Structure formats: C-alpha cells, structure tokens
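*Asks:* Chain by chain, the residues run as shown.
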Amino acid sequence: LIHYVESNYLKKRTDNNFDFFNLKVGDIIRIGYLIPEGEKERTQYYQGLIIAIKNRGIGKSLILRRTVQGIGIEQVFILNSPKIVSIIKKQSSKVRRSKLYFIRKLRGKSTRLKVK
Amino acid sequence: MIQKGTIVRVVDNSGAKIGACIHMYQGYRRRYAKVGDVIKIAIKKIKKGDPDLLKVKKGSMSKAVVVTTKSFLKTFDGGYKSSPCNSVVLISDQDTFLGTRVFSGLDASLRYTKYLRLLSMGVDVI
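Here the protein sequences line up with chains A and B, keeping their order.
Okay, so the first sequence: first residue is 77 according to the numbering used here, each after it adds one.
Okay, so the second sequence: first residue is 955 according to the numbering used here, each after it adds one.
Same shape as in the complex, but just chain A (with noise of 0.2 Å):
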C-alpha cells in the first residue's frame, strides 16, 4: 500500500539522469540543489563524498561530505526532494564497507580512496 501511494512522488528514469539512479557509497558527486534566495531560487552546487546512502523509499537520502575551508561539512540530501535539480557523479571508489563514518576521524592523505 505504501508503494502505491509513494509512487506518485518518486523521480522518473529519463535519459538525463542516469547518475541519479547509479550513486554508490564513495562516489564523489556534485548535487545541484535549489536554494531560494529573497524570491527568487537559484542553483547551488555542492560537491563531495558520498559516505551513507539510506534506501527508504521515498524517504532515500544520502549523506555528502565536504571539506569547506579546512573543516569538514556533512550533509543530508533527500534524493526525492524537488529542490534537487541534478547529480554528476565525478569519480568512483572502491569501498569495501556500506557506510564510510570512518572517515570521520580521519585527516589529510588517509581519506583518500582507491579509485576505480
């Protein structure tokens, strides 16, 4: 019953966003994302780590890190939500794990992933 009602809201398969429907965990990706600003809305990128993705149905997020001035930002990101205009992946990793928090801790040269 969920996927009947949930169905409604989900992104469709076009031939633009194939990235969309491919995002693994350690691929580094840039999302546009629409942000409104006085009235109007405009796109802003943000590109980083995938380090999480949770597959809830229409509820599916990711979680993207990236390094803003030296500090370490994370962020959710609604896969379904309207306001995401696009997803390009950039680079893919080989990962061995589902969910990458150990990056955390880590600084410098020790995050860097074995690229694909």
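Honestly, the hints are just simulated from the structure, not real lab data.
Predicted model only: the values in this text are computed from it and were never measured.
From the three backbone atoms N, C-alpha and C, an ideal C-beta is built for every residue, glycine too.
A hint or two may mislead.
What the hints assert, rightly or not - Dumping the calculated DSS-like pairs for lysine-lysine here, alpha-carbon to alpha-carbon at most 27 Å: (1) K136(A) with K1028(B); (2) K1028(B) with K116(A); (3) K1024(B) with K181(A); (4) K181(A) with K1028(B).
Claimed, not checked - Between beta-carbon pairs, the in silico distance windows are: (5) Y177(A) with G1032(B): 19 to 25 Å; (6) M1015(B) with Y80(A): 55 to 61 Å; (7) D1047(B) with G135(A): 40 to 46 Å.
To be verified - For the chain B half of the interface with chain A, some residues (derived, Cβ under 8 Å), not all of them: (8) K988; (9) G990; (10) V992.
Fit chain B to the known structure of chain A by using the hints.
*Replies:* The following block gives chain B in isolation, referenced to the frame of chain A:
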C-alpha cells in the same frame, strides 16, 4: 543544540577565542540554542598579544549569536547539515557586532534572521 555550559568557539576578530555558554535569551527556562539564537557567554580564552588592543577581556561576559552547530540542523526540505564545531560571533547589547571580520563558514539559515549582515562578513555560506 547549545546549552548552558557548552564550550563554543568565537570566530570573529574581537579578540576572544573560546567562551562558555551561561545563559539563553528568548524564553523562560529555554534549554537549547541553535543557529541564529542569542546566548550569553563567559570568555575563557583570548588571543595572544597585547590585551589592551583587544575589545574584550578574559573573564568578562558578552552576548553572542550562534552561527554553526555540531548537531544536525534541519533544512527547509527535510535534509540536515552539521559542522564539526559550535561557533558564535560576539554582539553588543544594541545588536551591533564587536568584530569586523568573521573567520569561518556560516550556516545559511542566518539569512532568515536579523543577522543577515553576517553572511557578507563571513568566509563562506554552508
């Protein structure tokens, strides 16, 4: 979620470095403060150098507005974001800033408070 006793980092150039939260404004027995709320801090550490050139003294109290928090803050469409430290910017009783520059990224939800000017003083908008 900053509460009484939380150690916070001061990110402007008023001279203070670390403070401890001692009081919350805006409410009776208010427990937690998030980005954009005003708290009162006691200054624990100040910058090295000549103390006469700084705007604050060690041990004095000052009002401050919270700019980033370690706990996850909800964004307007259901996502969350967090920063690795709790930071504040010092303000005076008349809501003017004691410093002139801000040295860290600031949370974007400050845009909807009356401290919108901080976003132009800061380094980056998170």
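*Asks:* Determine for every hint whether it applies to the structure shown.
*Replies:* Hints, one by one, checked against the model:
1. Of the supplied pair hints, the one linking K136(A) and K1028(B) holds, its CA atoms being roughly 16 Å apart against a limit of 27 Å.
2. Distance restraint check for K1028(B) and K116(A): the Cα-Cα separation of roughly 21 Å lies within the 27 Å cut-off, and the hinted pair is therefore satisfied.
3. Distance check on the hinted pair: K1024(B) and K181(A) sit about 15 Å apart at the alpha-carbon level, within 27 Å; holds.
4. At roughly 24 Å between alpha-carbon atoms, K181(A) and K1028(B) fall within 27 Å of each other, so this suggested pair holds.
5. Taking the beta carbon of each, Y177(A) and G1032(B) are about 21 Å apart, inside 19 to 25 Å as hinted.
6. Between M1015(B) and Y80(A) the beta carbon distance is about 58 Å. The supplied range of 55 to 61 Å therefore holds.
7. In this structure the supplied range 40 to 46 Å holds for D1047(B) paired with G135(A), their Cβ-Cβ distance being about 44 Å.
8. Taking 8 Å as the C-beta contact cut-off toward chain A, the hint placing K988(B) at the interface is violated, the least distance being around 16 Å.
9. Hint on G990(B) is violated. Least Cβ distance to chain A is approximately 16 Å, over the 8 Å limit.
10. A hinted interface residue such as V992(B) counts as satisfied when its beta carbon comes closer than 8 Å to some beta carbon of chain A; here the least separation is about 24 Å, so the hint is violated.
Checked against the numbered hints above, the structure breaks hints 8, 9, 10 and satisfies the rest.
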